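Visitor: Since each chain sits alone in its own frame, please combine them into the complex, following the hints.
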Amino acid sequence: GAVVSQHPSWVICKSGTSVKIECRSLDFQATTMFWYRQFPKQSLMLMATSNEGSKATYEQGVEKDKFLINHASLTLSTLTVTSAHPEDSSFYICSARRLADEQYFGPGTRLTVT
Amino acid sequence: AQSVTQPDIHITVSEGASLELRCNYSYGATPYLFWYVQSPGQGLQLLLKYFSGDTLVQGIKGFEAEFKRSQSSFNLRKPSVHWSVAAEYFCAVGGLYGGATNKLIFGTGTLLAVQP
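Protein chains in written order, with the numbering used here: chain A, 1 to 114; chain B, 1 to 116.
If you're looking for bench data, these hints aren't it; they were derived computationally from the structure.
You may find that some hints are simply not true.
Ranges of calculated distance between the beta carbons of each label pair, as one might list FRET restraints [what the hints assert, rightly or not]:
hint : chain 1 : residue 1 : chain 2 : residue 2 : range
1    : B       : 28        : A       : 74        : 26 to 32 angstroms
2    : B       : 72        : A       : 12        : 40 to 46 angstroms
3    : B       : 16        : A       : 73        : 45 to 51 angstroms
4    : A       : 73        : B       : 20        : 39 to 45 angstroms
5    : A       : 110       : B       : 3         : 26 to 32 angstroms
6    : A       : 68        : B       : 16        : 48 to 54 angstroms
7    : B       : 116       : A       : 55        : 51 to 57 angstroms
8    : A       : 16        : B       : 64        : 46 to 52 angstroms
9    : A       : 68        : B       : 116       : 43 to 49 angstroms
10   : B       : 30        : A       : 12        : 41 to 47 angstroms
11   : A       : 64        : B       : 20        : 38 to 44 angstroms
12   : A       : 60        : B       : 72        : 23 to 29 angstroms
PhoX-like, lysine-lysine: derived pairs with alpha carbons at most 20 angstroms apart [claimed, not checked]:
hint : chain 1 : residue 1 : chain 2 : residue 2
13   : B       : 103       : B       : 49
14   : B       : 103       : A       : 64
15   : A       : 55        : B       : 103
16   : B       : 49        : B       : 61
17   : A       : 55        : A       : 66
18   : A       : 55        : A       : 20
Every beta carbon over 12 angstroms from chain B, so not counted as near; a handful from chain A, in silico [as the list claims (entries may be wrong)]:
hint : residue
19   : 17
20   : 22
21   : 54
22   : 61
23   : 72
24   : 85
25   : 87
26   : 88
27   : 89
Just so we're clear, the structure is a prediction, and the values are computed from it rather than from any experiment.
Even glycine gets a Cβ: it sits at the ideal position worked out from N, Cα and C.
Chain B on its own, in the form it takes in the complex (with noise of 0.2 angstroms):
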């Protein structure tokens, strides 16, 4: 079955703290791997997507992802964080399956509150 598990609901780090967000897929193809971001009422935004090639994917506002298919995993990180980048993350799974292209799973979500 195809699923994506995000474990945790909610993180609080401190601003200028390092921090990581895990992701867990099950996919039954190739995967294609996405990280989204979602202020309060907003839509979502795309922050970085692995398709293929380098493992280690570099995304906007200084956010990375590195795909380990031995661990199925795709965690998001950042070395230091700001108090703007508190909001829900959404981590995805999507690609060829079924004949159905670019269909999207979506985590649970993790919360992200930063402190000062």
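For reference, chain A alone in the conformation it holds in the complex (with noise of 0.2 angstroms):
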């Protein structure tokens, strides 16, 4: 149990298009969803908090403007990356949380803008 999927696994979009990357908690409902980011050979990064039904909180430094976050559901969070850019090339990671329990973390999904 505790299954999150991200999709797409890998996408190549073109400078100053937009892209949506959906994190699905398979089997439970999560109460809390996050983001994060990871540069090659680097850590993972928390861009941002995010529960259902209301507004993401974005780390210090994370363009809320620029990465949308919608947790419309208590299976479903997209971050979707307005206008990207090639240096907001990167692999985006979520994780979904039950209610007092860890989080359970997707696979990933590899950005290369060009």
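Guide: Written out as structure tokens, the structure is:
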């Protein structure tokens, strides 16, 4: 149990376009979902925390208008990278947490902006 | 300030040898500590966690870790490594801090290579 999926696993987009990444908890209801960003050979940096039905809380330095997070249901959160640029290329990982439980991580989405 | 330090960026061990990966943390409250493993291009898999109680915790794949509050450390150990455990290992700390439940702070990772 506690499986988290992400879609797509890899996406290439042109500079200036927007791309949406989905994070789903497949067999549990996630009260909280987290979005992380990982640069090559570096650690995971928390971008934002989202609770179902409320606005996401962004970490310092993360542009909330560029990285739009929607947590519309207890099993789905989406991250939309708006007007993507090459510097947004990265590995994006989501995690989902049940109430009073640990985080379960998705397999990640590799975004390449050309 | 909250932080996690993994002083070894890259470690190489021989197959069958023992392994210890170091992790030190700085946290303003009771820490919850985690070790994760990440294979290339993959997400994170939880190896083990410490919330409270016995300071020596057992995890999956034969890993264990010991919480030492006096040293602010949570080192990961394995008595004998197999080539299949070559991956990147992340230590993380979280807890209830500033009202943010389970917000995790990750170390920079240790890349483990296993030589035959």
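Visitor: If any of the earlier hints don't hold here, list their numbers in rising order.
Guide: No numbers; nothing is violated.
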